[in-house]
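Chain residues, written in single-letter form:
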Amino acid sequence: MLDPYTLFDLSPDSDAETIRRRYLSLVRAHTPERDPERFSAIREAYEILRDPVNRVQYQLFEAGKGDSIDAILNEAKARSSQRRIPVATLLSWGRDRP
Amino acid sequence: MARSKARQRQKKVQSTSQMRRGIADAMARGSYQRAREDAKALYKREPTAEHRRYFVEATIGRAAQMRQAAQPAEAVKLLLTLTSDVFDTPGQVVPFINELLLAGDWQTADRLIGQVTDASMQGQLAALRIDTAVLCREADQVNLPASLAPLAQCTRQALAEWEQGNDAAANDGVAELPDHSPWRDWKVLIRGLTAFYSDPSSALQWWRQLDAKRAPAAIAAPLWGQMDKAFLAQHPQQSVVATRGQQLYEAPWITALEQVQQALLQSDVTTALHHAQTVKTTLPADLRELWDRLSRMLYWAVARLGDEVDIDLFSETFGAPPGDPSLHRLQAFIDEQDPFCLDDAQASWAKYEQDLLHHHIITPASDRDLARSLLWLHMGAIAEKESPTLPGGIAPARQKGRGCAIDTLQCFRRSVALAPQHLTAHEALIGVLHVVGDQAEIVRAAQALLNSFPEHDKALAVVADDAFRHGRWEEAVALQSRALQIRPHETMFQGRLHTYQLAVARLRAQQGQFDEARKILTSCLEQTDAALRSSILCRMAAVELKAGQPQDGERLFEQACEAGATRLVTVFQMLIESVRMPLDAEWIKKIDREFRRGLKAKVHGPSVVEMIKILEAYANLGTPYDGLEEHQELVLQYLKRSRQVRFSEDEFITLCTSLPKLNAGGLLLDIVKRAIRSYPQQPVFHVTFATYHLGLPPEEWPLDEVDEMLHEAEYLVRGDPEQRELAESIDALLTVVHAAMEQGSFLNSSDDDDDEFGGDPFEPTIFNLFEKLADLFGAALDNDDPDDFLPFPPPRRRKKSKRRSR
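Going down the list, the sequences are from chains A and B. Everything in the first sequence is counted per my numbering, starting at 5 for the first residue and increasing by one. Everything in the second sequence is counted per my numbering, starting at 407 for the first residue and increasing by one.
Hint data in this document are derived by calculation from the structure and do not stem from the laboratory. Note that beta-carbon positions come from the ideal geometry of N, C-alpha and C, so glycine has one too. Treat each hint with caution, since some may be false.
A few chain B residues that face chain A, going by a derived Cβ cut-off under 7 Å, partial list only [to be verified]: (1) L508; (2) V548; (3) L565; (4) A566; (5) E569; (6) A624; (7) I660; (8) L663; (9) R694; (10) L696; (11) R699; (12) L700; (13) P770; (14) D773.
Derived pair list, reagent style SDA-like, types lysine to any residue, alpha-carbon separation capped at 20 Å [unchecked claim]: (15) K619/B x R101/A; (16) K686/B x N78/A; (17) K1008/B x R1049/B; (18) K925/B x V910/B; (19) K81/A x Q683/B; (20) K69/A x F724/B; (21) K81/A x R702/B; (22) K81/A x L670/B; (23) K81/A x T687/B; (24) K69/A x L711/B; (25) K686/B x R87/A; (26) K81/A x L711/B; (27) K81/A x T661/B; (28) K446/B x S490/B; (29) K686/B x R83/A; (30) K69/A x S701/B.
Only chain B is shown next, with the shape it has when bound in the complex (with noise of 0.2 Å):
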């Protein structure tokens, strides 16, 4: 009220001009309503024709506005009070009537248009009731005067047709339009908008056609400008068209995935998938294809980016996949992402087994429980990176609060069983078991891989370890066959299969089948390089002293000793032959007094370390002969006067490789502080000192010397792909000490906060990591003697390291 009486005092002191002014300010910025108020105020004052006009102007804008506003009632019943007047401002009866239409009133409508007598306006009036029969909505449709509602309806059906994007139909739906008559602009716009999209030119041509005042050429006015600037810069409502034409290719889902891209340029999958919930609400049914993009998509974005509060917000926003019915996978993936979170992503991905268990996720059914089997395969990998399997000899680290609830071992074992026919499920269950170090294990487990895969080369190797290994010599070299078909040029293999058919030739004369063992060693004679024709050689001297045939026998073990590198080394040799044959005693009396004198002479470097290779070679094939712990023994004390000898790098590489298998403890230690003398920036031998602590009860462990050793190797080693490997190794030792410093003690264990615990798990696969602490831990490989060749997996001989100083 207060305002109202302000604004008559104001009004009290305004001018005409400034009213007029004020008038035509109001209506320019669409404020109708006190447009009209002032207009009746001006023309109450001054009631001229122009005044009036103003005043009937803004009315017809007033109720405009309310039949926009859905109040066509109101618009129609503030209309009705100037239908006296109207004529009277004869520039305005047009757009009266015109509004008058649209809000529904055709009575009122057409009882005005009858009494219009001149011509060219009586022309307009037609045309705009058949434009509002076209334009009116649902609702008024049921007022449309007989003679149009057809004509309206068909031409409402050919936009309609067109919208869906049958041209066709909607061109053929306006054909019966009359040429000659207002209706011709419904058509040609018809025309011109089935040729909007594949002839844009042809569309221009039909739309020049249309009336400019009327409907048909408004709706055509902005795509029209989309293509043509020139008639957009000079239409008189230039910013209105070009307004509704940027409708063309503005749309919300649009902006709402330009935020979404924008939220996710900037890793906030959180913001992103607020704007998803957009992009739902505006998306047209016929894109709903996008938005299962979209709901994939964010789905990984969540996986690589998110936490929980965003599973939540996911699911919330999209429901869960088929493909994840319970989100559990998508909540493994997010726990994987974090070092700390491996055992929270291996209960998840647990949970989601469950899930391929008991839902259709998975297609086709059949593969379902090889996805079950993947599923344990990466449970398995998961575990390993949380805490890897130590090999057997070490004592595991038990950590409260470390490590998955279900190991890596179950794990792999549950992926076997699950699908048989799944190769890298055994192959990781067999790494795993070969780093544990079960034998009777990795043989079970490559007899079930044969099961399924009777061609694998290394399984059949494996069984063929295990014949040789229980004396099934024949059927050793036969699987052994078996594996070198199959891998005809590998050199492990064929390594193999000569020392088994040397223990059949051993076997063959121990039969009395002589000529047969001399056929077997000839032709292994004949196959082998000159590093192992002294070994061959004791074995044929062997078979003919067995045969009774002394005189040969001594000539081959003669020549034996010429082809062998030290005489002592091959007198180890033929000594050991003639003991497992056996031979006359006499004869085992004499080798076995040379060896001693060999041995009580002055230590020859390299006849040790060959005669540890051979003694190692017996420890890891378990294969014992009478006299070998006393043998042994003799040359551990051999090695223990070789203090003044000078042992190569390699040597000593050897020698720590061998000797933990000879439970060779003190000595080994001592070697190793040789050796670390010797070559301090050998990473091998830090890394032997730092195993051979931990192979002794955890309470023993020297863990600050045995952290410093890991930490200098770790520096040596850093930086040198040739390296990488054993760097590896490494870690997983590193990961053991820091495991055991931190709870103080692994038997009073009392701290249970391991945020410091470890580090960035391992990046290289797990399958790798085997191979490589099987390397570490396995006995070396030694192709100079055939009873030397291991199992499974073959060790290396590993090569100088490169040296660079600090």
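Excised from the complex, chain A in its bound form (with noise of 0.2 Å):
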């Protein structure tokens, strides 16, 4: 599961207003019919941020433990193949032609 406050886009310190109002635009945003599966990753974020018990329970014993490693490297190969290759590598290419 992705981190609540990363779906929600909020800083840990965010109080429950801003929390309640974050959650109703993302979920006009992404409603049930359009787009289900993010629709309910919302609602479950929202259940953990909204009750303090929950929310705490999530700092103390579940935050960041939803990322995996095959994650993390899908990340990083989609981000580095729209990396651009260092200046100093291509004019390296120019000085030593094959």
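Got two chains here, each in a separate frame; can you build the complex from them with the hints?
Right, dumping it as structure tokens:
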């Protein structure tokens, strides 16, 4: 599961009202009809963030647990393929022409 | 020296053609120094133009190697040895000047270029100067001719913009490069680069305009080759171009991450952490966020799979995360993985709780005490796993080295104190107090819960029950009514309210408010089912007798006898109510005589079971009346005469559940033994046998016998989902027995070795366990008599277990 604060794009010290407003704006943008998976992820995250006990329980025992090396590796590959080759490398190809 | 001589001897025997082949091979594999030596020797032997070309080519190659090895001055020095001869080998003029320019000797290069008269070569060299001006390293840029420096700088700036993703700025930067000059290739290269990621076909269109012999084409080729396999296949330096193109997709951090992945697949978190260190040294700054994710992910991997060594390695690699500044939490998670390290886990959590106090770990800060409360709750759960809380009647097992430093009760109390608004903490505390059986503490805890949660139905029921026990019947009715308003369909609450109302009715009768008493009882009678009519009719009879209406009273008593299952039980109920009211002594004597007469008759199984249940309810409620002890003794004597009675399995279960409350030890043991003989497949009887003995002083425990009984019960409940709760209780008891067996004796404990102790801790949550133990040891709830309602929580009747054969 994606970190609820990351999903909501909020800092962990956000107050209840900020969390609620963010939730409402997210569910309006990702309705269950249009984007059911995203909607349920938002709901799940809100269930954690809205209740102080769940929120603290998450911080103590769960935060960061949902990530996986596969997800990190996929992200690294995706972002590396969009990375531009350093100019220094390009120029070295020009200097050392085969 | 010896090797050089050997080589010279070898040369002496080599033919010219062999030497040529050797030089070509050496250059092909990049051994330019060797090629140069051999070419020099060959030229010395046969000073032909071709041999000179070998020598010049090998020298240029060697100079290039020196330049690449950051020795440009040495490269220039070597190249300058050729300046007088290079024009004798026209094919080498351009490569020679190229290398001279790359090595930074613009002065010599420009002087030589000035000597070139061939127009075609002049064009090539003009392009070469421009290319080198762009390609030259930062240190050499000061030597650039003033005519080239500004546009070269402009081109490099455009490339830097492209690298940063600022494509528009990159294109704008080279807009001023003249189209009808060698600068155009650089403009075209950059136009292609900016299109490469968004519109690859457009990039290829640009790059097709490049001069294949120049640097911009060499730069574009690897990228082009990744999109256009035909281009790559036809390229003369296919393998070099392909290798360079792979850099688009390959990065050392990807390789290292793949190694982390492989290690984790093998559950080898130590190796994963080692590979993470490679990721650390190679990951670009703009991918730093991935490093943080990797840190969090490996934190949990260490928590799941690691040990102390991995904690150190993690700390060395990532440092302590903000959420665990001293890594005590990580240590606690690791300890929790091992059932033999639960005490260490609790100690680590306790340290982490102090971290919460002294660091800004929890945000917002207002949640900090709640977080500490949750930790204490967790520590209590660990203590419970390590050493389950035992019911009050069972002597506690004390075993050296066993148990957490802070016991369950202390942990839960601390949890409640830190966060009174934390409902689970209150409920856990009440649960464990119930197992201990400390009624006064249960009531205190329930009152504390009600301070924060005034509408908590079960806590209201506890407090109502306490009021009832202390004779504050009206208060009990009011509290129970509130609980019932919250959960109107809860039959247990309905039953309790009913009980309290009956007590109020008696109070009203005692106060002379007979109409009020009649009203309450009539209402109760209307609402009750047939099984309870007898009891209420007895009470109504007592009210009429108290009101001086003997005829009505006797009529109602007879109705009660008709409604009851057996007359003896109804007489017993009437006797109790008569004493409690109290009624006229003559009446009491009359009923008492009938009761004693009934007890002298042949024992009737269902009657004795019902009477035992009534007595158990009084024992549980702690509300005595005059004659209760005598009545109990009479009923137990009656039960003792029941040897010939064939009790049903349910009746035996009721007796086994109720008799422990009546302190009828010997009789209980007798009944349990009979029950086991009659129904050997019913595990409840084996468990009762065990609990009876575990309630004795530890030195009197027949450990082998109890152990055997519990294992038999364990066998009977095994694999039966309906008996899962009983199975958990059996586990708890076996824990006690095994601890005692390991030590040999609780009184003379000397064995510190607990390595073989216990086995796996309980899987179910602690709260479930409390409930189950309470069920096992609590008194049975009897819906047949309103006085039998127990306070909190309601024990249940046990269903018949499935019979199974070995």
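Now the hints, each set against the structure:
| no. | hint | result |
| --- | --- | --- |
| 1 | L508 | holds (6 Å) |
| 2 | V548 | violated (17 Å) |
| 3 | L565 | holds (5 Å) |
| 4 | A566 | holds (6 Å) |
| 5 | E569 | holds (5 Å) |
| 6 | A624 | holds (4 Å) |
| 7 | I660 | holds (6 Å) |
| 8 | L663 | holds (5 Å) |
| 9 | R694 | violated (11 Å) |
| 10 | L696 | holds (5 Å) |
| 11 | R699 | holds (5 Å) |
| 12 | L700 | holds (6 Å) |
| 13 | P770 | holds (5 Å) |
| 14 | D773 | holds (5 Å) |
| 15 | K619/B x R101/A | holds (9 Å) |
| 16 | K686/B x N78/A | holds (17 Å) |
| 17 | K1008/B x R1049/B | holds (11 Å) |
| 18 | K925/B x V910/B | holds (11 Å) |
| 19 | K81/A x Q683/B | holds (18 Å) |
| 20 | K69/A x F724/B | holds (16 Å) |
| 21 | K81/A x R702/B | holds (19 Å) |
| 22 | K81/A x L670/B | holds (18 Å) |
| 23 | K81/A x T687/B | holds (17 Å) |
| 24 | K69/A x L711/B | holds (13 Å) |
| 25 | K686/B x R87/A | holds (18 Å) |
| 26 | K81/A x L711/B | violated (26 Å) |
| 27 | K81/A x T661/B | holds (10 Å) |
| 28 | K446/B x S490/B | holds (16 Å) |
| 29 | K686/B x R83/A | holds (17 Å) |
| 30 | K69/A x S701/B | holds (11 Å) |
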